[in-house]
Structures are given as C-alpha cells and as structure tokens.
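Visitor: Listed below are the residues making up each chain.
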Amino acid sequence: MLAKRIIPCLDIRDGKTVKGINFENVVDVGDPVELGAKYAIDGADELVYLDITATHEGRKLFADLVLRISEHLNIPFTVGGGIDRVEDADILLSAGADKVSINSSVVRDPGLINRIARAFGNQFVVVAIDAQLKDGRWTVFVNGGRIATDKELFGWAKEAQERGAGEILFTSMNHDGTRNGYACEALKELSNQLSIPVIASGGAGEKEHFMEVFEQGCADAALAASIFHYNEIPIPELKEYLKKNNVIVR
Amino acid sequence: MGVAIIKYNAGNIRSVDHALKRLGVNARITDDPEAIQSAEKVIFPGVGEAKTTMKYLKERGMDKLILGLKQPVLGICLGQQLMCSWSEESDTECIGIFDTEVKLFPDQGMKVPHMGWNRLDSVKGDLFDETLVGSYVYFVHSYYVPVCADTAAVTNYMLPFSSAMQKGNFYATQFHPEKSGDPGEKILSNFLKL
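Protein sequences, first through last, are from chains A and B.
For the first sequence, this note's numbering begins at 1 and goes up steadily by one.
For the second sequence, this note's numbering begins at 1001 and goes up steadily by one.
The hints are simulated quantities; they were obtained by calculation from the structure and are not laboratory data.
Incorrect hints may appear among the rest.
As a list, the in silico DMTMM-like pairs of lysine to aspartate or glutamate whose alpha-carbon atoms are at most 20 Å apart [to be verified]: (1) LYS60(A) - ASP88(A); (2) LYS1007(B) - GLU152(A); (3) LYS1064(B) - ASP1032(B); (4) LYS1021(B) - ASP64(A); (5) LYS38(A) - GLU1185(B); (6) LYS1111(B) - GLU71(A); (7) LYS1064(B) - GLU1093(B); (8) LYS38(A) - ASP1182(B); (9) LYS1111(B) - GLU215(A); (10) LYS1103(B) - ASP1091(B); (11) LYS244(A) - GLU215(A); (12) LYS158(A) - GLU1185(B); (13) LYS1070(B) - GLU1040(B); (14) LYS1186(B) - ASP1121(B); (15) LYS243(A) - ASP1121(B); (16) LYS1021(B) - GLU71(A); (17) LYS1111(B) - GLU159(A); (18) LYS1058(B) - ASP1032(B); (19) LYS1055(B) - ASP1107(B); (20) LYS1186(B) - GLU87(A); (21) LYS1111(B) - GLU189(A); (22) LYS1064(B) - ASP1031(B); (23) LYS1111(B) - ASP64(A); (24) LYS60(A) - ASP42(A); (25) LYS1007(B) - GLU71(A); (26) LYS134(A) - GLU152(A); (27) LYS1021(B) - GLU34(A); (28) LYS1111(B) - GLU1089(B); (29) LYS1186(B) - GLU71(A).
In silico negatives: residues of chain B with every beta carbon more than 12 Å from chain A [to be verified]: (30) ASP1017; (31) ARG1028; (32) GLN1037; (33) SER1038; (34) LYS1070; (35) GLN1071; (36) ASP1091; (37) THR1092; (38) ARG1119; (39) LYS1124; (40) PRO1146.
Values in this document were obtained by computation on a predicted structure and should not be read as measured data.
Note that beta-carbon positions come from the ideal geometry of N, C-alpha and C, so glycine has one too.
Just need the whole structure built from these sequences, with the hints factored in.
Guide: Structural data, given as structure tokens:
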C-alpha cells in the first residue's frame, strides 16, 4: 500500500529558513540544509522549500541553495517561489530539485503549467493553490494570499490537472496559522474531483489533525511548518501515532 | 573506468550523481559511447516520456549501445521501462532487454501517477537481501511492468508489479533509489559492489 506522506515546509528568505504566521511576521528558524537533513533522518517523506525572496540576488542564493539541498538530501524535495518561466523551472531542475511548486504565476498565465509539464513531465509540476472560504465560495488568492482573483478552488484545481499538474498543494487561508486542524471538507471534495494526489496545507496543530486529514480529508500528503520547526510534534512521534491509528505511513 | 551515468534528454540526472557522491563515488555523466562502453558500471536514469526518449536514444544509436553492454547496468524508473520490449505509453518500441511489456495503471478510481513511498513486498537477486523486505522506497510513475520471469522485487499498487528487475548483467528499479532514504542507499551500494 502507498503510504501517506508527511511533508515539512520550509520558507526561505535570502538563503535562510523563516516562518510566518498568516503569511506575515516572519522569523528566522535555521539553516535550510541542516533543518532538511534533520527532517529526513526523523522520517519526513518529502520536503518543500518555498523561496519568499523578492529580489534578484535572493533568487540566485536560492538556486545555489537548491544545489546544496540536493547534494545532502536522500528524499525527494519540491521547490517553489518566483517561477514565472520554463527557464526558471529548468534552473531548479538542473540544480537537483525533484518538483517545482507554481502558484501565482500560473493563475496569471495558466499555459505555463502546460509548458513546464511538456518540458519536464507532469510529475515535476505541483500547482499550489491558496484559497479562502467566504460565503460558501472558495476564492483563489495570489501573491502570498494578498490578492483575491476571480478563480474558484475546485474549478481551478481541475483545470490545473487537465493542463498537466502532477499534484495539487492546497492551502486553506482560513485554517493556516490557526492550529485548529486542516480544511478536511474541502480537501475531501478536492480528492473526489481530482485523479492526481492532493497535499493538504494549513492548520496543523495536533497529531489528531493529521489523522483527520488522511481519514476524513482523504489527503495523500499533509504539509506543515511551525509545529515541525519548533519541534512541537516530533516526526517520529507523529508517525508512531499514525501507525497506531491504522494510517499507513513509512 | 568507474561509473558512467548515461546523459540524455531526461530529467534530474543530477540527483543520481549526488547520491553516488554521498556513497563516495565520483561518476561521469556522459553520452560518449566509448566512455560508456569502458565504464565498470553504467547507470541509465530516467524521468520523462517513453516515445520522445526512445526517439532521442535511437537517433544517437544509444539503444543498441545499451543493449550490447556487458558490465553491470542499472536502469532507474523510465530506465527500467525502456529496457523492456514495448511500452503502452504512446505505443513505443523499447530496447528489449527484458522480454515484457509496460502497461498503464488501470483506471480504478485510485490516483495515477503512483506517487510516494510504497513497500517492497518480496525481493530476490543481487541488489537485495531479506532485510529489505517491507522497506519503503520512493515511486513516481503512471506505467508499470507486470510481474514476469525477470522480476526481482514486487510492490503492490492496485495490482502487484515489478518494482525491480534483473536479467544477466542488467538491473533495473521502478523506484528511485537515489531518493529512497537508507534502503535506497543500500540498494545503490549493492549495485556498486557487484
């Protein structure tokens, strides 16, 4: 049986790991390569590194960092942030990234999903979607949750799949940073509507939330950041808990 | 001499090179026929689409080159599939080392691609020992090789399939040993010790 995946997410600014709450107020939490290697030893199934740098210099630092990560890590990792062109994805692939996560750029230019998937395969493309539930509608946001778009979560996720996305990474802005659990209902609906894997993001605070997101939310993978960075839930303990509750994990 | 990684139009060859470096081996990434033929070991990695990749290999005579290699050869992921006789992916004639066909996972409401960590349910051959049974390794693929005479490891996803193969000097894994944590490193190091 295919195991459910636990994925720590590391936000990177100017080559360092940072963590924000509700997409704001960032603090430095350590060296990205060391932290990633520690997670790999602890039993993380995959890692996501998101570059939140806005400057050209920062981008160059990030590509160098991806190369260092690839040298040290013996598990798969996804990188994202500022991928606006096929060439940006190519640089990260050449540095050793297994997948790229694309978000705002493909809302503005959906054809970029097709172009990256055609060039490097669907398995290389993770389409990340930030959405907020308001008055019964999940509205897609871009620019780190700052700008609302006219897209709706489920329609956009399906379109992304048809265009060649290999996975969908869905962050509920209503749940992110709250530590009250994942958006299980929306995740279940996504999983039902899609034939590609769904990664849940936003809201993890307790071990129980992971069990819920796999059992009720039907997620293929669960992503979290702060609870792992601050070691509030050590990954070996989380895996042990999930195994005891009959969730298949590695 | 040494280990050659076959360079062609496939994705993420770099991570195979990095994995070998972690095991203390400096491989040569090359498409030079002489360098490949004279290497002690050859790795044929692969991420990509069968048809375009086979076309690329055929145009350069690399399909015949791989078929004729006498040293230990390890195909990874698409590498394993291209070492079979035919793939359902775009109706593609492949290299034909393993006498079997490559099929698309059936539509049974389960997610395709088969992506993530799955178990080695049974193992045999030079790359494995019994301690690896039950180990999880990392897969990303939509097409699979059915269980056949050359199967060296079996994994289950909707149905049992060949997660590794062996025939003479040819070895292959459907999973990515370079991305499969400690079990992956052990399998790679078993290949390097052949």
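Visitor: Hint by hint, say whether it matches the structure.
Guide: Results for each hint:
1. In summary, the hint linking LYS60(A) to ASP88(A) is supported, as the alpha carbons are separated by about 11 Å, within the 20 Å threshold.
2. For the given pair, LYS1007(B) sits about 42 Å from GLU152(A) by alpha-carbon distance, which is inconsistent with the 20 Å threshold.
3. A threshold of 20 Å between alpha carbons decides the hint, and for LYS1064(B) with ASP1032(B) the separation of about 14 Å falls inside it, so the pair holds.
4. Of the pairs offered as hints, the one joining LYS1021(B) and ASP64(A) holds, with about 18 Å between alpha carbons and a cut-off of 20 Å not exceeded.
5. Only pairs whose Cα atoms come within 20 Å are accepted, and LYS38(A) paired with GLU1185(B) is accepted, the gap being roughly 17 Å.
6. Between LYS1111(B) and GLU71(A) the alpha-carbon distance is near 30 Å, which puts this suggested pair outside the 20 Å criterion.
7. Among the hinted pairs, LYS1064(B) with GLU1093(B) is consistent with the structure: their alpha-carbon atoms are about 13 Å apart, no more than 20 Å.
8. Among the hinted pairs, LYS38(A) with ASP1182(B) is consistent with the structure: their alpha-carbon atoms are about 14 Å apart, no more than 20 Å.
9. Our distance criterion of 20 Å between C-alpha atoms is met by LYS1111(B) and GLU215(A), whose separation comes to about 16 Å.
10. Between the alpha carbons of LYS1103(B) and ASP1091(B) the distance comes to roughly 10 Å, so the proposed pair stays at or under 20 Å and holds.
11. Proposed proximity of LYS244(A) and GLU215(A) is supported: the alpha carbons are some 14 Å apart, at most 20 Å.
12. Under the criterion of a C-alpha separation no larger than 20 Å, the hint pairing LYS158(A) with GLU1185(B) is inconsistent with the structure, at around 37 Å.
13. About 9 Å separates the Cα atoms of LYS1070(B) and GLU1040(B), which keeps this hinted pair within 20 Å; it holds.
14. Between LYS1186(B) and ASP1121(B), the direct Cα distance comes to roughly 17 Å. Compliance with the 20 Å bound is thereby established for this hinted pair.
15. Only pairs whose Cα atoms come within 20 Å are accepted, and LYS243(A) paired with ASP1121(B) is accepted, the gap being roughly 18 Å.
16. Proximity of LYS1021(B) to GLU71(A) is assessed by CA-CA distance (about 8 Å); at most 20 Å being required, the pair is judged to hold.
17. With a C-alpha separation of about 17 Å, the suggested pair LYS1111(B) and GLU159(A) falls inside the 20 Å cut-off, and the hint holds.
18. Using a Cα cut-off of 20 Å, the hinted pair LYS1058(B) and ASP1032(B) holds, with the two alpha carbons roughly 14 Å apart.
19. For the proposed pair LYS1055(B) and ASP1107(B), the alpha carbon gap of about 28 Å is over 20 Å, so the pair is violated.
20. Proposed proximity of LYS1186(B) and GLU87(A) is contradicted: the alpha carbons are some 35 Å apart, above 20 Å.
21. Annotation: proposed proximity of LYS1111(B) to GLU189(A) holds, straight-line Cα distance about 14 Å (limit 20 Å).
22. With a C-alpha separation of about 13 Å, the suggested pair LYS1064(B) and ASP1031(B) falls inside the 20 Å cut-off, and the hint holds.
23. Restraint check for LYS1111(B) and ASP64(A): not satisfied, since their Cα atoms lie roughly 34 Å apart, outside the 20 Å limit.
24. For the hint pairing LYS60(A) with ASP42(A), the CA-to-CA distance comes to about 29 Å; that exceeds 20 Å, so the pair is violated.
25. Restraint check for LYS1007(B) and GLU71(A): the C-alpha separation of about 19 Å stays at or below 20 Å, so the hint holds.
26. At most 20 Å may separate the alpha-carbon atoms for a hinted pair to count; LYS134(A) and GLU152(A) meet this at roughly 11 Å.
27. This hinted pair checks out: LYS1021(B) and GLU34(A) have alpha carbons roughly 18 Å apart, not beyond 20 Å.
28. Distance restraint check for LYS1111(B) and GLU1089(B): the Cα-Cα separation of roughly 17 Å lies within the 20 Å cut-off, and the hinted pair is therefore satisfied.
29. Restraint check for LYS1186(B) and GLU71(A): satisfied, since their Cα atoms lie roughly 17 Å apart, inside the 20 Å limit.
30. With a least beta-carbon separation of about 9 Å from chain A, ASP1017(B) fails to lie farther than 12 Å from that chain, contradicting its non-interface assignment.
31. With a least CB separation of 17 Å from chain A, ARG1028(B) remains clear of the 12 Å interface cut-off, as annotated.
32. Against chain A, the non-interface label of GLN1037(B) holds: every CB pair exceeds 12 Å, the least being about 27 Å.
33. Taking the minimum C-beta to C-beta distance to chain A, about 27 Å, the non-interface status of SER1038(B) holds against the 12 Å cut.
34. Once the 12 Å rule is applied to beta carbons, LYS1070(B) is consistent with being away from chain A; the minimum gap is 30 Å.
35. Against the 12 Å criterion, GLN1071(B) stays outside the reach of chain A, whose nearest CB is about 25 Å from its own CB.
36. The non-interface label for ASP1091(B) is consistent with chain A: the shortest C-beta to C-beta separation is roughly 19 Å, beyond 12 Å.
37. The claim that THR1092(B) is not at the interface with chain A holds, since no C-beta of that chain comes within 12 Å of its own (minimum 15 Å).
38. Distance check for ARG1119(B) against chain A: the nearest CB is about 7 Å away, which does not clear 12 Å, and the non-interface claim fails.
39. The beta carbon of LYS1124(B) sits about 21 Å from the closest Cβ of chain A, which is more than 12 Å, so the claim that it is off the interface holds.
40. With 12 Å as the threshold on Cβ separation, the claim that PRO1146(B) sits away from chain A holds: the shortest Cβ distance comes to roughly 18 Å.
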